[in-house]
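Chemist: Each chain is listed here by its residues.
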Amino acid sequence: MQENFITPLLHRQLTNELDETDKRILLDWLANSEKNEQLKEEITELWELSKNYQPKFQPNVDEAFAKFKERIEKGEQESDAQISGEQNSDKNTSFSSWRFFVIPLFLIFGSFIVWSVARSLPGKEVVVTTLEGDIKHIKLKDGSEIWLNEKSKITYNKKILGSNRDISLEGEAFFNITEDNRDDFIIRYLDTEVIANGDVFSINTNIDSGKVAVDVKEGIVKLAPLGSGRQLVLTNNELGYYDPVEMKLLPKVLLEKSNADYFVKL
Amino acid sequence: MDINSDRDLVASLHANEDEAIENIFKKYYSFVCSAVYKIIPDPVLTEDLAQDVFYEVWRKRERIEISTSLKAYLKRAAINKALNYIRSKKMNFEGDDTEFVKNIAVRSDENNLEAKELQEIINDTIDLLPEKCRIVFMMSRHEEMSYKEIAAELEISIKTVENQISKALKILRTAVNPYLAKQLT
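In order, the protein sequences belong to chains A and B.
Residue numbers -8 to 257, in this note's numbering, belong to the letters of the first sequence in order.
Residue numbers 1212 to 1396, in this note's numbering, belong to the letters of the second sequence in order.
If you are wondering where the hints come from, they were derived from the structure by calculation, not from laboratory data.
Where is the CB? At the ideal position from N, CA and C, for every residue including glycine.
Worth double-checking, as some hints may not be accurate.
Unchecked claim - Counterexamples of contact, computed for chain B against chain A with all Cβ distances above 10 Å: (1) S1216; (2) R1270; (3) N1303; (4) I1333; (5) I1367.
Stated by the list, open to error - Lysine to aspartate or glutamate pairs mimicking DMTMM-like chemistry, simulated, CA-CA at most 20 Å apart: (6) A:K202 / A:D174; (7) B:K1381 / A:E33; (8) B:K1238 / B:E1267; (9) A:K142 / A:E123; (10) B:K1271 / A:E116; (11) B:K1271 / A:D175; (12) A:K239 / B:D1259; (13) A:K115 / A:E141; (14) A:K31 / A:D13; (15) A:K115 / B:E1276; (16) A:K31 / A:D19; (17) A:K47 / B:D1253; (18) B:K1300 / B:D1259; (19) B:K1378 / A:E8; (20) B:K1301 / A:E170; (21) A:K130 / A:D174; (22) A:K58 / A:E33; (23) B:K1300 / B:D1253; (24) B:K1271 / A:D19; (25) B:K1238 / A:E123; (26) A:K58 / B:E1267; (27) B:K1300 / A:D171.
With the sequences and hints as input, model every part of the structure.
Modeler: Structural data, given as structure tokens:
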């Protein structure tokens, strides 16, 4: 059997990704010769050793911080640019020709800064809760829609645009998130983040076992426990769980039909 | 102790205290660079992306929510930055990568090779892996992502992930084979 075919199987075995058929193929192949067993040992050792890889590259932290400081100071100055510009404007009253070019440019640049700053500033926080038997439909400014199931709560920034596409959820909700080329939409619950962008799915944090469930109807949604460095990528009709007590992502389940269909009809 | 001091750092960041971002930066800059460099082994690019990670933290300083450790949060942000960069470059992972490992050093005293040296050979070879091959291999090895997760993150097929990982293992095996064979027999 060709090495090109067997190496992925050996690797999948090391990462617990072998299905039953491949497992049998691999076992047969290993039983076939001692040489095959040796190749398995070599790949295993390589895999283990590569885990200890550490980059040789060491940055100069002080130099890097000096550069960083310059950047944040520049950022602050840009925010103040329009104000100081207005304060200095009465010093010169004559309009020389270059001002016909500079003033429009300045106004455009100033407007851009004001728009950027306004975009990044936190807006008013909104809290929506539902009582037993209650379902609420919320349409956000970015066009995304949320159906909040009974006994649930969401908290979000009223602006919900750009880097503010970020909400907190307790309970169960169904989401239809609009696509944004720049910013993902993040739904947080305790140490868990669900990251979406142009997807349709539901999240339930009300499960008796304490797990967080994400059920995707359409799209690609990531279930990411913070601090684990891992994430579960879920696609159409896949259901994924995170167990915050055991800090474990559980194997995903393929549904014949997404449960989200029973929650609300789009 | 670390968690408590990180809590203090985050609290001082929320309070917009002057030294907060400096303390966080100096404590974790090397760590963030290391996380990015494992995927993108370019020192200049690594530092640019690491700077962006801290700039984001500073920009969101008063409302940033860190419910686990600061270190874990920064690692996550660093990996996301690296992957966003890779996606923005729209690399063609499907194409045949003709680049190959150059100059793999063969030690003269291979009979006396110690485990530490074997590790060095592995480290050097990882640094010489072709770009796309290294990205996929490190996502599997250091981020412990499954084939399907890597495929979704890089918007490539599972078959391509499989090919790149096999290629990386083959290159590593070629580099260490003379020494491994001696150790295993």
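Chemist: Now, for every hint given, state plainly whether the structure supports it.
Modeler: Checked hints:
no. : hint              : in the structure
1   : S1216             : holds, 16 Å
2   : R1270             : violated, 7 Å
3   : N1303             : holds, 20 Å
4   : I1333             : violated, 5 Å
5   : I1367             : holds, 13 Å
6   : A:K202 / A:D174   : violated, 27 Å
7   : B:K1381 / A:E33   : holds, 11 Å
8   : B:K1238 / B:E1267 : holds, 16 Å
9   : A:K142 / A:E123   : holds, 5 Å
10  : B:K1271 / A:E116  : holds, 15 Å
11  : B:K1271 / A:D175  : holds, 16 Å
12  : A:K239 / B:D1259  : violated, 33 Å
13  : A:K115 / A:E141   : violated, 24 Å
14  : A:K31 / A:D13     : holds, 15 Å
15  : A:K115 / B:E1276  : holds, 17 Å
16  : A:K31 / A:D19     : holds, 13 Å
17  : A:K47 / B:D1253   : holds, 12 Å
18  : B:K1300 / B:D1259 : holds, 15 Å
19  : B:K1378 / A:E8    : holds, 18 Å
20  : B:K1301 / A:E170  : holds, 19 Å
21  : A:K130 / A:D174   : holds, 18 Å
22  : A:K58 / A:E33     : violated, 45 Å
23  : B:K1300 / B:D1253 : holds, 15 Å
24  : B:K1271 / A:D19   : violated, 56 Å
25  : B:K1238 / A:E123  : violated, 47 Å
26  : A:K58 / B:E1267   : holds, 15 Å
27  : B:K1300 / A:D171  : holds, 18 Å
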